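A.B. asks: Here's the letter readout for the chains.
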Amino acid sequence: MTTEPDLELVRRAKAGDQDAFAVLVRRHEARVFTVAKGVVRSPEDAADVAQETFIAVLRHLVSFQETAQFTTWLHRIALRKAYDHVRRRVPEPVDPAGYAVESMDARDPDPQATHLARGDLLEALSGLDEGFRDAVLLVDVAGLGVDEAAAALGVAPGTVKSRVFRGRAALARQLGTHGHGGASK
Amino acid sequence: MTDSRHPHDEVLFDFLEGALDVTHTNEVRAHLERCSACAAFVDAARAGALRDVVEPMPAAASERMHVALAAAWAERNGAAGVGAGAAVDVLTGAEETGIDVASIDASGPRSLRSSRRRSSRQNTSRGPARTPRRDRFRWVTPALAFGVLALLAGTSVFLVDDDPGGRPSTSAQDRNASTSSDDGVARPPESATSESAPEGDTSASATAAPASAPITGNSPGVAGMTEEDDAAAGGTSDGVQQDAAKSTATGSGADPAFPDSQQHPDTYGEPVCVATTDETQLTLPDGRIPQRIITAPLGVLIICG
Numbered sequence: 001m002t003t004e005p006d007l008e009l010v011r012r013a014k015a016g017d018q019d020a021f022a023v024l025v026r027r028h029e030a031r032v033f034t035v036a037k038g039v040v041r042s043p044e045d046a047a048d049v050a051q052e053t054f055i056a057v058l059r060h061l062v063s064f065q066e067t068a069q070f071t072t073w074l075h076r077i078a079l080r081k082a083y084d085h086v087r088r089r090v091p092e093p094v095d096p097a098g099y100a101v102e103s104m105d106a107r108d109p110d111p112q113a114t115h116l117a118r119g120d121l122l123e124a125l126s127g128l129d130e131g132f133r134d135a136v137l138l139v140d141v142a143g144l145g146v147d148e149a150a151a152a153l154g155v156a157p158g159t160v161k162s163r164v165f166r167g168r169a170a171l172a173r174q175l176g177t178h179g180h181g182g183a184s185k
Numbered sequence: 001m002t003d004s005r006h007p008h009d010e011v012l013f014d015f016l017e018g019a020l021d022v023t024h025t026n027e028v029r030a031h032l033e034r035c036s037a038c039a040a041f042v043d044a045a046r047a048g049a050l051r052d053v054v055e056p057m058p059a060a061a062s063e064r065m066h067v068a069l070a071a072a073w074a075e076r077n078g079a080a081g082v083g084a085g086a087a088v089d090v091l092t093g094a095e096e097t098g099i100d101v102a103s104i105d106a107s108g109p110r111s112l113r114s115s116r117r118r119s120s121r122q123n124t125s126r127g128p129a130r131t132p133r134r135d136r137f138r139w140v141t142p143a144l145a146f147g148v149l150a151l152l153a154g155t156s157v158f159l160v161d162d163d164p165g166g167r168p169s170t171s172a173q174d175r176n177a178s179t180s181s182d183d184g185v186a187r188p189p190e191s192a193t194s195e196s197a198p199e200g201d202t203s204a205s206a207t208a209a210p211a212s213a214p215i216t217g218n219s220p221g222v223a224g225m226t227e228e229d230d231a232a233a234g235g236t237s238d239g240v241q242q243d244a245a246k247s248t249a250t251g252s253g254a255d256p257a258f259p260d261s262q263q264h265p266d267t268y269g270e271p272v273c274v275a276t277t278d279e280t281q282l283t284l285p286d287g288r289i290p291q292r293i294i295t296a297p298l299g300v301l302i303i304c305g
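Chains A and B, in that order, give the protein sequences. Here the first sequence stands for residues 1 to 185, where the numbers follow this note's numbering. Here the second sequence stands for residues 1 to 305, where the numbers follow this note's numbering.
So that you can see chain B by itself, here it is in the shape it has in the complex (with noise of 0.2 Å):
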């Protein structure tokens, strides 16, 4: 080395550590002497040279952290339940810590900040599991049969909606029905079997629900109208009654508009639709041709007549 030519840095780096042969440390210390960069830059590195800066892993997130290595221990060795809690003991210290390990499932805590900040983002390779595909899409089959139980009743509105006649949309013999409680206050049907299937038909109906319920245009709870909402709309709440004591004011209980309309059904009865799986089934329950057969999801079969 000479003067003209400054050390390079590993030099000067060795040099700082003590790792230079007594000769060359004895070269830089000469040339630090009469440069007055060197000596700077040396001093600079020697006040960065960082010196205990390590610090101690936070408590909580070292237990936290053994917790979930235990867990991932006892999964890669195959470990469960006693097994897995074993493992925790092992890395957690459990007398240490205090941790009830009965309570650690094998994909290990939350982390707090996960808790906080992500959204079950589980997996052990970040300590906590990821959940189960298959446990994600449990709600898949409710929410299908949710579905087509929903298109169904949207399906009976539009056909209610549908009817061309513009004619009541509730027969006599359904507000009769309606109004024949035994404490004489008016409730709607109590179920769409009871408001149009023929009466032989309606135990069947009624077993063989939903499959093959028969649903009606002008059921109160499909058509989503209440006792309040007859009120609202300038009704009362017993409207119904009203409607059924004029309709049995005719002496015969049968649709003003359609005096026969209980003797031929097929010709003056309501639309009635009914969901069914059965391919062969060619008939509505009250043997009446069907007028409509409507594929739905999953193999259903909407058949109205």
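For reference, chain A alone in the conformation it holds in the complex (with noise of 0.2 Å):
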């Protein structure tokens, strides 16, 4: 994949290139769906989220100024439509072992050795308070910086700095355990 930053390609999709939009889309989708998924829980529903998320992008991309950063733009857009799937949703039977679960894991190399582990991660995610979860999505899963995550989320720098913090380790306690994750620095 090139290594083009993304507002190249955003100006070239702007233009009218298609191959620039496709681009920004495979290059940002996983995280955009992780995301998603932090909020809505359900893999088919965080895939309806990308779906609209990117959607969206492509009609407003005419209207993004190009002096912030596109990953901003683009996740508080996510967050946004997660949100809003969540509020429109209409309660329905899970079943884990169904279709849509199962076919979720098609690209993952391994599911066996990491799915427990995200899913953990993910369901404890999304017991967190809507301030925490979005700075830690935002930070830990999107990749934001914390001046892109505070201007998604129109919070001061160190507000952001204090909720991912405050998440985190709230994630840890949820999850009981100091170890799981696998991210120790």
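It is worth saying that the hints were derived from the structure and are not from the lab. What you are looking at is a predicted structure, and each value in this text was computed from that prediction instead of being measured. Glycine included, every Cβ here is placed at the ideal spot set by N, Cα and C. It is possible that part of the hints are untrue.
What the hints assert, rightly or not - To spell it out: a stretch of chain A is covered by chain B in this simulated footprint if at least three of its residues, at any positions, have a beta carbon under 8 Å from a beta carbon of chain B; those stretches are:
no., stretch
1, 20-29
2, 48-56
3, 133-143
4, 147-156
Dock the two chains into a complex; use the hints.
C.D. replies: Laid out in structure tokens, this is it:
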């Protein structure tokens, strides 16, 4: 995949370059999907949210100000779409062994090794307060910098740091272990 | 920072991220050695830091999304037909996915979940496009036409039931007509026109249907009676034939209760209704003056006499 910066791809896409837009989507779809899943929990719903997010990006690409980070804008849209999805969702029975969940692992290189840990983490994440969850999702999952996340959430960078710090601690407490999550520094 | 003051969360975050300078890093480290509460908090936050949790989007969902995006791109840029297919090729990498782009319309595919759960909630903002409003109302015109016909049929039934004389509603002439088939098998009259309209008007009425087709009260079709219904009512399947034979026994073919009904249809004839849109039509096809004029929807007049 090309290493062309996001903003350059955005410029090309604005000019009508469909390839550039495709590269943008492929580059960010996994993070958008995971961020969405951290809110909506269901992989199917997360896929729907990801699709809605990129459709919205396509529609509003012309109005995107290139002085901002594309990822900030993208994940702000993703979070908004995810919460919209949660608000309008009709509860339905979940079948963890059903077709949809199975199909979600289609691209996972080693589902047995990683699915449980991810599932536990995202499950715990969805149990956090919204402020903590959003900060953790944007910083730890979407990979945004603190300033980007702050811009996306409309709060001060110090607030993001505090929320991420406390959100991480809450996650560890919910998981009941300090070694889970696979990423100690 | 002093020992009595715990570092702010922001500082601890930066400490974990390695974003503090050496001086501040040493200060925090020294504090954590003396403060078990902060140390536990930092340990928890370190353990709760999510790394490598990004999940690849499932292949099927990803392909679906790219197809929807391609369709949205094509729609946005005014591409259609081959252009839309080319857009799909670019965004999906058709060689990799094996998607038959020719089968994809501009609205994109319906997601698996959507097709199972949502009833055609098609909108490009959600991927699949919403059904155009005009398409959703395509059934209105036929439904209105059906409603008018049902109204007319209902009116004719009402008129039959409303027959004040309580006399048989089928004239001998009608019954003769119903039994006049070549094979001698009793059959209901083939059309309302053949039942009651004078012979001279039959062709005209038939060709003007349905707007000016006469509606008679004794049509088996309108009355909803079938041969099976006759049998269930205790009659026979050829009950009409029996009635006709009885009528024929009078020798004149006229209704025995009203022997002159054939000669004076305007006096003794059964009620006939004609649906028309011609406001100037003031007489029935047989020349009688209408006794009732009913205004129906869509400018239809029902003239009864």
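A.B. asks: Hint by hint, where does the structure go against what was stated? Just the numbers, ascending.
C.D. replies: 4
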